[in-house]
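Once you've looked at the hints, dock chains D and S against the given chain B.
Residue numbers (the numbering used here), protein chains in the order written: chain B, 1 to 366; chain D, 1001 to 1424; chain S, 2001 to 2081.
Hints are computed from structural coordinates only; laboratory data are not their basis.
All residues carry an ideal CB built from backbone N, CA and C; glycine is no exception.
Check each hint, because a few of them may be wrong.
Estimated spans, in silico, between C-beta atoms of each pair [stated by the list, open to error]:
| hint | chain 1 | residue 1 | chain 2 | residue 2 | range |
| --- | --- | --- | --- | --- | --- |
| 1 | B | 119 | S | 2074 | 36 to 42 angstroms |
| 2 | B | 221 | D | 1398 | 34 to 40 angstroms |
| 3 | D | 1175 | B | 184 | 54 to 60 angstroms |
| 4 | D | 1398 | B | 75 | 27 to 33 angstroms |
| 5 | B | 2 | D | 1229 | 52 to 58 angstroms |
| 6 | S | 2004 | D | 1054 | 25 to 31 angstroms |
| 7 | D | 1182 | B | 180 | 53 to 59 angstroms |
| 8 | S | 2076 | D | 1175 | 53 to 59 angstroms |
| 9 | B | 171 | S | 2080 | 53 to 59 angstroms |
| 10 | S | 2057 | D | 1347 | 31 to 37 angstroms |
| 11 | D | 1315 | B | 171 | 54 to 60 angstroms |
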Amino acid sequence: MSSFDLIVAGAGIIGAACAQSAAEAGLRVAVVEPGAIGGGATAAGMGHLVALDDVPAEFALARHSLRLWQAWAHQPEAEFQRCGTLWVADDEAGLELLRSKAARLSAAGMIAELLDTAALRDAEPALSHDVAGGLRVPTEAVVYPPRIAHAMLTRVTALGGALHHGRRVVSLDADGACLDDGTHLSGPVLVACGCDTPALLPELLMRPRRGHLVITDRYPGWLRHQVVETGYAASAHGDAAEAVACNVQPRPGGQLLVGSSREFGRAESAISPALLARMLRRCFRFMPGLARLKALRAWTGFRPTTPDGLPYIGALPSRHDVWVAAGHEGLGVTTALGTAQLFVDLFLGRAPRLDPAPYAPLRSVA
Amino acid sequence: MAEGCEVLVIGAGPAGLAAAATAAANGARVALLDAQPRAGGQVWRHDIAHGASRRARRALRRIAPVKRHFGMRVVAADPGARTLLAEDSLHAREFGWDRLVLAAGARELFLPFPGWTLPGVTGAGGLQALVKQGWPVAGRRVVVAGSGPLLLAAAASLRAHGARVLAIVEQAARDDVHAFARKLWHWPDKLAQAARLRMALAGVPIRYGAVVRRASGDSHLQTIDIDCDGRVETFECEYLAIGFGLVPDTGLARMLGCGLNDATHPAIRVDALQRTTVDGIHAAGECCGIGGMQTASIEGAIAGHAAAGNEAGARALLPSRDRARRFADALAHTFAPGPCVRMLADDTTIVCRCEDVTWGELRSFDDARAAKLATRCGMGPCQGRICGAALAELLGWSWHGHPRQPLFPARLSTLAFDSLATFP
Amino acid sequence: MSAILHLRIDGIAVEVPEGASVAAAVARATRSFRQSRHGMPRAPLCGMGVCFECRVAIDGEPHVLACMTAAREGMQVRTHG
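Pulled out of the complex, with its shape left as it was, chain B reads as follows (with noise of 0.2 angstroms):
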């Protein structure tokens, strides 16, 4: 039996999220993953569920996906904390950020509050008086995405899916995809590699972008929300060589995500202990406090970066029964859901809930 109605190549949290939306609608779903469940960009990034606002089609796929992830808000393998979060400016140029930022958020239905000085050291107080003004998104959150993955996963498996654990795809031809023991799979394929998907897609183009990341030790109560500064949103979406943007995060256990950085041209994992420290200071100047605590680890992940920042989601209409999902950039775990139903949609000819266009693997094949 090697003939399935759909087979995912990659088991980060897109491929997860995909096969799981496939499996559920009913589809003999076969996943194939080389590495660890979920241990690529899906386990190196912070896990967060944040609406980026600043590009239209961007905020549309996690607006849309932050409300399917409320059905995960009660599951236990998805450590699920509505710690909101806190944007933070500390310059005029920011506060203005801030202001058009409600704006856009309140349009778009979603919660947003402005915080003077006092409101914002009410409610966070390791913030640097220096922080002159905050947004509250208090409906936003943090999950732990590589045990979602995984019990995505056995969501699949127990609908009847395979999972090829250990194996990876090769190749793709007319009729399916080939695996590196020799395996070959039939059906229609959805390539969900995040950073790998040019191996099989070289018509594709896009940039790993390295970004470190650390985890303190335990503090319990140090940190309330997610603290991002607003120049986070221009780091991301932004083309530059290098750059950090100070993106705090509390964990339910007490331990806090501190991020971030972002570079280009950067294949080796090993930690830049320059853009480390560049990142860090970043982050003290928002939360002087910080400087105190301890860190346990840190460490660097890729993520698969598109020429226009947008992902890639759909069929490749160069190639026969080909899909892609892939190219999410810091935005992944956020989008994962809308990604998948989107792509079912696709895939099975139903009415798509959002405008494909903007995500269409042509636009950038053309």
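Frame of chain B; chains D and S shown alone:
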């Protein structure tokens, strides 16, 4: 800006002290770092009640010309730049080197069993270390258990501090231990040491082929059950000091790219002159394979000579090093943990103490990475040093990839190359 | 005879000889140094700065290794036992 020196030695136990003193005697500018507040490592750890041994005092005198940095823990390394980043309770400092000697020593191997997380259950070397720095054991009932001659040394030391040692529980079989003892005449100094220990432990019963099945108590240790030839014996005690030998500390070596051997608990690979696979980096002592204090001192001296460019001096010590290593190999063979101690944990026994992950949660996984991602096993502040060694022993998992920075939990300010004093 | 140091462990006055570790001082006041993630009592295991079971707060600084820190006069130590 990194502080420079010709030879930088990491670890101030017998190997590091010998390396630093020997390199300095060869005219090199030497710096010595250790995370502990005082020199001596584990075996020569300063005893506040009884002072230092003659041998330790002699070794400490010999490092007079060496620049010393104690209480300074190495947390990161930049092999390309040849710098290490270290911190003490206040400062972050970078150290550069021309030649580096790693003498990081070893830590105890712990194998999980029901109740081992109770306060009062410690390492055998661990309780000894605590007691030397004033931990009160006078009049307390202690059982010493596990495997190897470290148990005897620990028991003697605890007794000297007033503990009531109720028994020594050795998992090796009586016949194997006696066969090993008969070989001791090859190493007369060891024979004398064994005789001294025997005298110090007069009246303490030793159970051979015996293991601790369970430690019990409400909020701290009250009783232990030992299994001796299928017969269960219960002791009431305040402390159980338990150790199954030592595992080499290779974290910094791995961060620097030094090759390891393929043992269950890998050691740093070195050649005859204690050179690692990385140019300019030597290693000596327990981190190159458990060999005891004698081996460590000789290897430290070889590394010190070699690092200072005195190859002839290093080569002259090779025969004595080989002799000391042979003793260590015989020891390791006799006291290697047997299968019975690998089956002590039940499904509710904690394996990862930092994250409270149980044996039942772990044993179904295929490898360390999958288990870590799903359970956070090994992701706490000990960074897998305790559970990783246990799981290497129990499931053959490898935890020895490229270690993540920092090597030990470090202040965020240190990773930003700032001292704490910089911050309000 | 070495000097005697005075510390407070969770408010309890203890005395240790100079050169003693904070761990030795804490052991005079309580058996449990910290609570594990799931609330189990814990105390030093390794005695040499590896296991991190001896973490206490010293003079307001959390997560300090008691076994690696020399006791000093007037230290205020908080366990989370």
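Consistency of the hints with the structure:
1. For the pair residue 119/B and residue 2074/S, the beta carbons lie near 39 angstroms from each other, so the given range of 36 to 42 angstroms is met.
2. For residue 221/B paired with residue 1398/D, a C-beta distance near 37 angstroms keeps the hint of 34 to 40 angstroms intact.
3. Between residue 1175/D and residue 184/B the C-beta distance comes to about 58 angstroms, which sits within the given range of 54 to 60 angstroms.
4. Range check, residue 1398/D to residue 75/B: about 32 angstroms between beta-carbon atoms, so the 27 to 33 angstroms window is met.
5. For residue 2/B and residue 1229/D, the hinted distance range of 52 to 58 angstroms is satisfied, since their beta carbons lie about 55 angstroms from each other.
6. Remark: the range hint 25 to 31 angstroms for residue 2004/S to residue 1054/D is upheld by a beta-carbon distance near 28 angstroms.
7. Take residue 1182/D and residue 180/B: their Cβ atoms lie about 55 angstroms apart, and the range 53 to 59 angstroms holds.
8. The hinted range of 53 to 59 angstroms is satisfied by residue 2076/S and residue 1175/D, whose Cβ atoms lie roughly 55 angstroms apart.
9. Checked against the hint of 53 to 59 angstroms, the pair residue 171/B and residue 2080/S passes, with Cβ atoms roughly 56 angstroms apart.
10. For the hinted restraint 31 to 37 angstroms between residue 2057/S and residue 1347/D, the CB-CB distance of approximately 34 angstroms keeps it satisfied.
11. Our hint of 54 to 60 angstroms for residue 1315/D and residue 171/B holds, since their Cβ atoms are close to 56 angstroms apart.
Going down the numbered hints, you'll see the structure goes against none, and every one checks out.
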